[in-house]
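> One-letter residues, chain by chain:
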Amino acid sequence: MAEAARVQAPSAQSRDATIVLQAEGLERSFGGVRAVDSMGFTLREGSITGLIGPNGAGKSTVFNLVTGVIKPQAGTVRLFGEDISRLPTYERARRGMIRTFQLSREFGGLTVLENLMLSPQQQLGEKLVPLFSAQRRVHEAEQAVYARALEVMEISRLGDLRDEYASNLSGGQKKLLELARTLMIDCSVILLDEPGAGVNPALMTTLREMILELNKDHGKTFLIVEHDMDLIAALCDPVIVMTEGRHLLEAGFDEIRKDKRVIEAYLGGAHDG
Amino acid sequence: MSAYLISMATYVGFFMILAIALNLQWGMTGMVNFGIAGFYALGAYSSGLLTVKAGWPVGFAMPAAAVVGIAAGALVALLSIRLREDFLAIVTLGFGELIRLIALNEDEITEGPRGLKIDARPFADMFDRTTYPIVYLAMVLAVVALAFFIAERIRRSPMGRSLRAIREDDVVAEVLGKNVLRHRVQVFAIGAGFMGAAGALYAHYVQNISPEVFMPMVAIFIWMSVIVGGAGNNWGLLLGAGIVMAILEGSRFMGDFIDFLDAEKLSAIRVILIGVLLIIILRVRPRGLMPEPRFRYGRSPGGGSSTADAQS
Numbered sequence: 001m002a003e004a005a006r007v008q009a010p011s012a013q014s015r016d017a018t019i020v021l022q023a024e025g026l027e028r029s030f031g032g033v034r035a036v037d038s039m040g041f042t043l044r045e046g047s048i049t050g051l052i053g054p055n056g057a058g059k060s061t062v063f064n065l066v067t068g069v070i071k072p073q074a075g076t077v078r079l080f081g082e083d084i085s086r087l088p089t090y091e092r093a094r095r096g097m098i099r100t101f102q103l104s105r106e107f108g109g110l111t112v113l114e115n116l117m118l119s120p121q122q123q124l125g126e127k128l129v130p131l132f133s134a135q136r137r138v139h140e141a142e143q144a145v146y147a148r149a150l151e152v153m154e155i156s157r158l159g160d161l162r163d164e165y166a167s168n169l170s171g172g173q174k175k176l177l178e179l180a181r182t183l184m185i186d187c188s189v190i191l192l193d194e195p196g197a198g199v200n201p202a203l204m205t206t207l208r209e210m211i212l213e214l215n216k217d218h219g220k221t222f223l224i225v226e227h228d229m230d231l232i233a234a235l236c237d238p239v240i241v242m243t244e245g246r247h248l249l250e251a252g253f254d255e256i257r258k259d260k261r262v263i264e265a266y267l268g269g270a271h272d273g
Numbered sequence: 274m275s276a277y278l279i280s281m282a283t284y285v286g287f288f289m290i291l292a293i294a295l296n297l298q299w300g301m302t303g304m305v306n307f308g309i310a311g312f313y314a315l316g317a318y319s320s321g322l323l324t325v326k327a328g329w330p331v332g333f334a335m336p337a338a339a340v341v342g343i344a345a346g347a348l349v350a351l352l353s354i355r356l357r358e359d360f361l362a363i364v365t366l367g368f369g370e371l372i373r374l375i376a377l378n379e380d381e382i383t384e385g386p387r388g389l390k391i392d393a394r395p396f397a398d399m400f401d402r403t404t405y406p407i408v409y410l411a412m413v414l415a416v417v418a419l420a421f422f423i424a425e426r427i428r429r430s431p432m433g434r435s436l437r438a439i440r441e442d443d444v445v446a447e448v449l450g451k452n453v454l455r456h457r458v459q460v461f462a463i464g465a466g467f468m469g470a471a472g473a474l475y476a477h478y479v480q481n482i483s484p485e486v487f488m489p490m491v492a493i494f495i496w497m498s499v500i501v502g503g504a505g506n507n508w509g510l511l512l513g514a515g516i517v518m519a520i521l522e523g524s525r526f527m528g529d530f531i532d533f534l535d536a537e538k539l540s541a542i543r544v545i546l547i548g549v550l551l552i553i554i555l556r557v558r559p560r561g562l563m564p565e566p567r568f569r570y571g572r573s574p575g576g577g578s579s580t581a582d583a584q585s
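So the protein lines, in turn, are chains A and B.
When we follow the numbering used here, the leftmost residue of the first sequence carries the number 1, and every step to the right adds one.
When we follow the numbering used here, the leftmost residue of the second sequence carries the number 274, and every step to the right adds one.
Any given hint might turn out to be false.
[To be verified] Computed beta-carbon distance windows for the label pairs:
(1) R455(B) / D259(A): 46 to 54 Å
(2) K258(A) / V444(B): 47 to 55 Å
(3) G56(A) / A541(B): 50 to 58 Å
Treat the hints as calculated values from the structure; they're not laboratory data.
All C-beta atoms, glycine included, are put in the ideal place defined by N, C-alpha and C.
Generate the whole structure from the sequences, applying the supplied hints.
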């Protein structure tokens, strides 16, 4: 109630304009386990926000809830102030929010180039009628997508692999391809689920450069789940810490590193470091 | 003998239309359909009943059968939206049996096991009895060509690319903003429309349809055609349909050479042969005789064609 009023209040408009994504009171249980428990966070426009926490803290579930892959039992998600909680996943994507997956989910039976060309949304040639009635315009649109794909392959250094089936790529290349796919899309918020997992150091540099370039030059907002603290330290500010499905704290990386609660959360009672 | 060949070619045509439809649904989009016989029967009975009982001219009844197929396909797809692959298999199998059992038991309408006798044939009065089979074959092949054209246009388009993405991973396709449901329903409906049209062509060809023709076995033969030919490849399935029909029909003549085979043993052997063929193909060429081609887009720098230039 108070939330709705706040969004509508004209004085608050300008302040909210900088918030691109806002989640509140997200809840989700699996069986008896509370994976996510009254979790909330906000993403400020142009930020690269980190989301860290020990294994099982519910980070990936938060991604699933925000993108609608899993439906929350409670809570709301707002994208640019619009309540998207009830929209299907593809509608959320069309409003400018794209994600990647913890385990790369490339389209293995499609080539690298096809994975990229697939990504732009609402292509004319994806609709049945224009396919038969407006072939010339479909062809022109396809040319534009192709040209864009060539640029993206340049940026992501995937050009040599353009006609390779995505299933044949290495783990790191798949991560790169997933990120490159988001470059094809006219989106404003990108959620990355462990982009650095299984990526060798050389590719890691490319990956990091790509994220920074997208953020600085293209103004994309990022939310990054990552276990590699070097990557978090290099890219993210602020960093949100989650534990046991809850929002623990949000601060700069240096501050978080010293915080007792964070150290405790990571070490838990198990002392297995 | 040549009359026999023409008849066989006509049957291959029916198979090809069904196989093109299944390739669209399963080969390209990953939607399992074990209810092919049901959509085939629905088309046959729709067109048959519309001419016999409702007195429609055959020129309207046959296209209507395709429309009925489209509607039934859309309905089945919508009813099973939340269902994953294995459930869709059961739902379609159930649908196929449902249609067959209705045709069998609602005998006041469908004539049940007695068979529905259909006199109407398209363009029948314009040709004499000897040339008509050739005309009919030409009509069937025209529908094959039309179905092939539609399926191939879709396959080479951005829509085809989305369909293959859905086949690979529907969750990611949705996350990338693809309306997975719309694509699935459309494709399933188009495929079912083709199957309905094939059924109508069959009905007015044999002029006597009865439920036992539409056993689930029909689906198996069509699956064979697509798997043997190469899922995802429209040219391959034309070949596959030809091969499966050649084995089904060719094995008839084994009785002429091997005397101890009676009709019963022969019909069992035909099915065994098909099974053996499938095993061999899957061992030697797991992706079929003509696998799905890899898509390569315009290589030439500085323009040229960037439409999918598919080659193996």
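> All hints are to be evaluated individually against the structure, with a verdict given for each.
Here is what the structure says about each hint:
Restraint check, R455(B) to D259(A): a C-beta distance of roughly 48 Å satisfies the suggested window 46 to 54 Å. For K258(A) and V444(B), the hinted distance range of 47 to 55 Å is not satisfied, since their beta carbons lie about 39 Å from each other. Take G56(A) and A541(B): their Cβ atoms lie about 57 Å apart, and the range 50 to 58 Å holds.
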